[in-house]
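Residue 175 in full-length UniProt numbering sits at position 175 of the sequence shown; the count goes up by one each step and never skips.
The set of hints was computed from the structure by calculation and includes no laboratory data. Source: prediction; values computed, not measured. Glycine included, each C-beta is placed from N, C-alpha and C at the ideal position. Keep in mind that the hints are not guaranteed to be accurate.
[To be verified] Label pairs and their computed distance ranges (CB to CB):
1) Leu-356 / Arg-188: 41 to 47 Å
2) Glu-59 / Asp-322: 38 to 44 Å
3) Asp-362 / Pro-12: 49 to 55 Å
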Amino acid sequence: MAFYRSVGELPPKRHTQFRQPDGSLYAEELMGEEGFSSDSSLLYHRGIPSAMSDLRVWELPDLGTTTNHPLRPLHLRLPELFASSDPGSIDLVTGRRLVLGNADVRISYAVGSKPSPHYRNALGDECVYIEAGTGVVETVFGVLPFRDRDYVLIPRATVHRWLPDGAVKAYLIEANSHIAPPRRYLSRFGQLLEHSPYCERDLHAPAEPLLVEGSDVEIYTKHRGNGPGGIAGSIVVASTHPFDVVGWDGCLYPYTFNVDDFEPITGRVHQPPPVHQVFEGGNFVVCNFVPRKVDYHPLSIPVPYYHSNVDSDEVMFYCGGDYEARKGSGIGLGSVSLHPGGHSHGPQPGAAEASLGRHFFDELAVMVDTFRPLELGEGGTACDDGVYAMSWNRALI
Numbered sequence: 001m002a003f004y005r006s007v008g009e010l011p012p013k014r015h016t017q018f019r020q021p022d023g024s025l026y027a028e029e030l031m032g033e034e035g036f037s038s039d040s041s042l043l044y045h046r047g048i049p050s051a052m053s054d055l056r057v058w059e060l061p062d063l064g065t066t067t068n069h070p071l072r073p074l075h076l077r078l079p080e081l082f083a084s085s086d087p088g089s090i091d092l093v094t095g096r097r098l099v100l101g102n103a104d105v106r107i108s109y110a111v112g113s114k115p116s117p118h119y120r121n122a123l124g125d126e127c128v129y130i131e132a133g134t135g136v137v138e139t140v141f142g143v144l145p146f147r148d149r150d151y152v153l154i155p156r157a158t159v160h161r162w163l164p165d166g167a168v169k170a171y172l173i174e175a176n177s178h179i180a181p182p183r184r185y186l187s188r189f190g191q192l193l194e195h196s197p198y199c200e201r202d203l204h205a206p207a208e209p210l211l212v213e214g215s216d217v218e219i220y221t222k223h224r225g226n227g228p229g230g231i232a233g234s235i236v237v238a239s240t241h242p243f244d245v246v247g248w249d250g251c252l253y254p255y256t257f258n259v260d261d262f263e264p265i266t267g268r269v270h271q272p273p274p275v276h277q278v279f280e281g282g283n284f285v286v287c288n289f290v291p292r293k294v295d296y297h298p299l300s301i302p303v304p305y306y307h308s309n310v311d312s313d314e315v316m317f318y319c320g321g322d323y324e325a326r327k328g329s330g331i332g333l334g335s336v337s338l339h340p341g342g343h344s345h346g347p348q349p350g351a352a353e354a355s356l357g358r359h360f361f362d363e364l365a366v367m368v369d370t371f372r373p374l375e376l377g378e379g380g381t382a383c384d385d386g387v388y389a390m391s392w393n394r395a396l397i
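Could you put together the complete structure from these sequences and hints?
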C-alpha cells in the first residue's frame, strides 16, 4: 500500500536521535515487507518492542482440512455455525471457525461480541469483511473504527485487538502473503489510477496514536510451525504494552474500505469477474459484486453465462440483496458457494430468461478466487447442505 501517511510525533529525519521527555531514546521500529525491499513504516515506541517476560503455547482451534472429494460444488450455510452460540462468549480471534483453506489462504467465519485478546498474525495479511456490526480495532498504529460492510485490512505481524460494540459477523480471509489493490489499478509509483473503482480518499487509517500504558501483555501469535497447514500458535507476553507508539510514518498500515465506496464497472454486455476485483494476494484475488446498473445492449443477458474454472476455485459469500443467478438453488444471505476448478457453473435454469430486461441488480457478494484447490475446514464440513451439486437438475424438475 504505497500511500504515505504520518501520524503523531516524529523526528525530522529517520534513524536519528528522538528523545522522550526524560531524555531516553524512543525505540525506533521498522515494519517492512520483503526484507527492506518493499513498503514499510517506522514506529517510535516508549518501551522496547522486543522485550518479553514469558512465552507459552497457544492451542489453536481446529485448522485441519479435508479434500473436496469426490469433487463437487458446495453450498455452505455459515449462519448455522453460530446459530446456538452466545456471542458474548466468542471473540473474533479465538472464535474463528475454518470454512475453506489451502496453502495460500484460509477463509473463516466468526460471530461474536467479546473483546479479543491482543493478536498478531505472523503468517500473512488479513482481510476481514464485516458482514454486520460496529466497533473498533485497536492497533499498534492507533484505533481503526469499523462498521457494516467494511473491509478491514491488517498487515502481517500488526499487533491488534478487536473491540465490538455488540455482536459482529465477520468473514475472515487470512493470507500467507500480502494483500493489496490490484496492480492494474496502480501507477508505477503506487497511486490508484483513474480507471480504478476506488481511490485513496476511500481508504481510512488510524489518525492518531493510541498510547496505552501497561506491562506483561499477552499477544496471541499465529506463526509457521508443525501444526495443520504448517501453522502453530504461541502466546508472547510483552514486557511493555505494544500500543505505546507516539508516532509513525510510512506506507504500511492497517486501513478500512467500505464496499459501498466501490464504483462498479459496467458495459453494454455482461462484464467478466475481473472488473469486480478489489484486492489481490499470493495465488488468490478478492472481488465484490455490488448493487449496480447492468448490461444495456438491447439483446443483453444480464446474468452471467456458464463458465468453467480452468485455473481456479471460486468462493462466493452472499451478504446482501438478492443474487439473481442463484435463485432456485437454496442459497440465501450468509451462504457460501464453492465452484471448484474442474466443473462448469453458471445461473440456475430459468435465471437467464428471467433476467431479460432487467436494468439493475440489488446484490452484494464477496468472491475469493484461488489458484490452488481449496479444502474443507471443520466449519465448512459442519455447514455443508449436502445437495447443492444437484441444484441445476433440481431446478428443472
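Exercise. If any of the earlier hints don't hold here, list their numbers in rising order.
Key: When the structure is compared with the hints, none of them turns out to be violated.
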